[in-house]
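Please model the complete structure; the sequences and the hints are all you need to start from.
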Amino acid sequence: MKKISTITYHWETHHNLLAGLGIILAVMLMLTIYSCGGGTTTETTQEEQATEKKENVISFTDEDIQALKDKFIFDETTGYFYHKHWNRTWPKRRTLTADVMKNGYYFLSSNFYGNKGINHSKVIVKIGEEEMETEEVDLKNESEHRTEKADNGYVFEINYYTKYRDKGIFDAIGKSTGPVMVSFVGKRSSTEFEEVPKSDVEALRDCYQLSLVQRATGGQ
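Under numbering that gives the first Met the number 0, the letters of the sequence shown match residues 0 to 219, in that order.
FYI, nobody ran anything at the bench for these hints, they're computed from the structure. A few of these clues could be false.
To be verified - Capping the alpha-carbon separation at 27 Å, the derived lysine-lysine pairs in BS3-like fashion look like this:
no. : residue 1 : residue 2
1   : K115      : K148
2   : K148      : K186
3   : K70       : K115
4   : K166      : K83
5   : K139      : K68
6   : K162      : K139
7   : K162      : K174
8   : K186      : K91
What the hints assert, rightly or not - Simulated DEER-style distance windows between Cβ atoms:
no. : residue 1 : residue 2 : range
9   : F59       : D150      : 10 to 20 Å
10  : S188      : Q219      : 38 to 48 Å
11  : E128      : G218      : 33 to 43 Å
12  : T216      : N118      : 35 to 45 Å
13  : Y153      : Q219      : 35 to 45 Å
If you're wondering where the values come from, they're calculated on a predicted model, not measured in any experiment. By construction, the Cβ of each residue, glycine as well, lies at the ideal position given by its N, Cα and C atoms.
Shown next, in the form of structure tokens:
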């Protein structure tokens, strides 16, 4: 009985060793396959990420910066750059505008124009499938909201989203490449989404780039 027990013990031990060796070999094989195949996927992903990062970087030469600044009027008194596209006037259309300070600080403005005011306190902007909205302004504070009548009897309503109360809309427009839609949300009524004119969107993107330049150069 002892002999049979010993033989059984040795056989089980030998069997367990073979099983363990098989597991080790299987793991080594998996690691080899991963290093050959899986590693390629990781390298490709890293290369793609590096490419994406390069595409998201905006670089400017001295000529680029000068060409960009030539699109603006700089006011020494206020310290602001005003885009020549709007020429420091309120456009007679419903749109968005922006001004950039020498240090790169900016603020977005919403420009409502119509035959009757709506007392709009904020706007909702749609870029692609994403919708973003500003904070509400104080309609009684002239530094945040102004209302004036044009010569033709139409009404201007201008909101100034200072202190970055545009909630990232300015940055989103600057980084986008497609159309921008806007809806003016008023106390009396709201407007349907309508496309911001392409010329205004291009001017906004110029403002975004100038803001980056001024921040990067310390306002020089």
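Quick rundown of the hints versus the structure:
1. K115 <-> K148: holds (10 Å)
2. K148 <-> K186: holds (19 Å)
3. K70 <-> K115: Cα-Cα ~33 Å, so violated.
4. K166 <-> K83: holds (25 Å)
5. K139 <-> K68: The given pair, whose Cα atoms are some 35 Å apart, is violated under the 27 Å limit.
6. K162 <-> K139: Distance ~18 Å between K162 and K139 Cα, so the pair holds.
7. K162 <-> K174: holds (20 Å)
8. K186 <-> K91: holds (21 Å)
9. F59 <-> D150: 10 to 20 Å: violated (41 Å)
10. S188 <-> Q219: 38 to 48 Å: For Q219 against S188, whose Cβ atoms are near 46 Å apart, the range 38 to 48 Å holds.
11. E128 <-> G218: 33 to 43 Å: holds (36 Å)
12. T216 <-> N118: 35 to 45 Å: 40 Å Cβ-Cβ, so the 35 to 45 Å window holds.
13. Y153 <-> Q219: 35 to 45 Å: holds (41 Å)
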